[in-house]
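K.L.:
Spelled out from the first residue to the last, the chains are:
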Amino acid sequence: MTLDAVDVAFTEAAVGAGIATILMLATLAITSARQKPSEKRALAPMLAAVATGLVLAYGLADLPPFADPEAPAHRHVAPRYLNESAKEIGIPNVVTSVLASYRGYDTLGEVTVIFTAGVGVLVLIGRTRHRRRENDDE
Amino acid sequence: MRHHIIVRVSTRILVAFILLFALYVQFHGDFGPGGGFQAGVIFGAGCILYGLVFGVDALRVVIPDAIVRSIAALGVLLFAGVGVVAILAGGNFLDYSVLGQTPTAGQHLGIILIELGVGMTVASVVILLYYAFTNR
Chain A
1 MTLDAVDVAF TEAAVGAGIA TILMLATLAI TSARQKPSEK RALAPMLAAV
51 ATGLVLAYGL ADLPPFADPE APAHRHVAPR YLNESAKEIG IPNVVTSVLA
101 SYRGYDTLGE VTVIFTAGVG VLVLIGRTRH RRRENDDE
Chain B
1 MRHHIIVRVS TRILVAFILL FALYVQFHGD FGPGGGFQAG VIFGAGCILY
51 GLVFGVDALR VVIPDAIVRS IAALGVLLFA GVGVVAILAG GNFLDYSVLG
101 QTPTAGQHLG IILIELGVGM TVASVVILLY YAFTNR
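Chains as they are written, first to last, in this note's numbering: chain A, 1 to 138; chain B, 1 to 136.
Take these hints with a grain of salt, some might be off.
Have a look at the derived ranges for each label pair, beta carbon to beta carbon [said to hold, decoys possible]:
| # | chain 1 | residue 1 | chain 2 | residue 2 | range |
| --- | --- | --- | --- | --- | --- |
| 1 | B | Leu74 | A | Thr21 | 45 to 51 Å |
| 2 | A | Ala33 | B | His28 | 20 to 26 Å |
| 3 | A | Val8 | B | Leu74 | 24 to 30 Å |
Here are some of the chain B residues that sit facing chain A, going by a computed Cβ distance under 8 Å [unchecked claim]:
| # | residue |
| --- | --- |
| 4 | Phe17 |
| 5 | Gly34 |
| 6 | Ala66 |
| 7 | Ser70 |
| 8 | Ala73 |
| 9 | Gly83 |
| 10 | Leu94 |
| 11 | Ile111 |
| 12 | Ile114 |
| 13 | Glu115 |
| 14 | Leu128 |
| 15 | Leu129 |
| 16 | Phe133 |
It is worth saying that the hints were derived from the structure and are not from the lab.
None of the values given here were measured: they were computed from a predicted structure.
Every residue gets a Cβ at the ideal spot worked out from N, C-alpha and C, and that includes glycine.
Extracted from the complex, chain A is given alone in its bound form:
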């Protein structure tokens, strides 16, 4: 709460307390303790991961210091959101104004990502029920 980000804290609390534990336990239940030995060498993926990590670390050097009031993020559109949203949007929660209206396009993308992730999980592990039903008939 030191960051005054109640909405984010709320999300994290709901996801962390409500869902993550269940998914963790469910994953443990359907996986085994040992990884299958892989035939492939993982050299190229490892190089790619290390190279990406180095680029990201290099980029970190250009970030403004933490909680810097002069950071571009606080000087560009944030003042307008804080000062004008009561007049333009007319609802008290500025976070909701930004999320749903000013950045509605981003939020549509986020919802699409969640939907796509759900479809992906269904494609990967959601099909086993039919197979089990066939076994039940035997």
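Position chain B relative to chain A; hints supplied.
P.N.:
Same frame as chain A, but now just chain B:
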């Protein structure tokens, strides 16, 4: 869970309040902390709690697979549909100002509708994940 009478009785009482709280977070998101994402997760967690205690088949009776899948897609459609309606009403995509009598009334209506879409999709995807995992 058949023998855990305290868990069963308290879940029976709590689930109603968890779902009610989810609806409160959903529709009070413009005034206090909250919104579709949080409400969807809380709603999904309430349903999963019911499934954990009374069995996933009992939950499937209340919310069948096909309905959860449809609601997941309908939420995204509702969100995008609000954007398209805004275009038809003469504004830009997702510009809610043209939806109501005054710009702020339109914004309010648009935000409530898209938050509802977000909540529908998040809640049903969470329940879908639970179904998919328990199917194994």
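K.L.:
All hints are to be evaluated individually against the structure, with a verdict given for each.
P.N.:
A quick look at each hint next to the structure:
The given range of 45 to 51 Å is broken by Leu74 of chain B and Thr21 of chain A, whose C-beta atoms sit roughly 28 Å from each other. Remark: the range hint 20 to 26 Å for Ala33 of chain A to His28 of chain B is contradicted by a beta-carbon distance near 45 Å. Checked against the hint of 24 to 30 Å, the pair Val8 of chain A and Leu74 of chain B passes, with Cβ atoms roughly 27 Å apart. Taking 8 Å as the C-beta cut-off, the interface hint given for Phe17 of chain B is violated, the closest approach to chain A being about 14 Å.
Hint on Gly34 of chain B holds. Least Cβ distance to chain A is approximately 6 Å, under the 8 Å limit. With a cut of 8 Å, the hint placing Ala66 of chain B at the interface with chain A is violated, because the nearest CB-to-CB distance is about 12 Å. With 8 Å as the threshold, the beta carbon of Ser70 of chain B stays out of range of chain A, its nearest partner Cβ sitting at about 12 Å, so the hint is violated. Interface hint status for Ala73 of chain B: upheld, as the beta-carbon distance to the closest one in chain A is roughly 7 Å, under 8 Å.
Checking Gly83 of chain B against chain A: minimum C-beta separation of about 7 Å stays under 8 Å; hint holds. Residue-level restraint check for Leu94 of chain B holds (minimum Cβ-Cβ distance to chain A is 4 Å; threshold 8 Å). For Ile111 of chain B, the interface hint holds, since its Cβ comes within 8 Å of a Cβ in chain A; the closest pair sits about 4 Å apart. A distance limit of 8 Å between C-beta atoms decides the matter here; for Ile114 of chain B the minimum to chain A is near 6 Å, and the interface restraint holds.
Among the interface hints, the one on Glu115 of chain B holds; its C-beta lies about 6 Å from the nearest C-beta in chain A, closer than the 8 Å criterion. Restraint check, Leu128 of chain B versus chain A: the minimum CB separation of about 5 Å is within 8 Å; hint holds. Annotation: Leu129 of chain B was flagged as interfacial toward chain A, and the flag holds, the nearest CB pair being 6 Å apart, inside 8 Å. For Phe133 of chain B, the suggested interface contact is upheld, since its CB lies about 4 Å from the closest CB of chain A, less than 8 Å.
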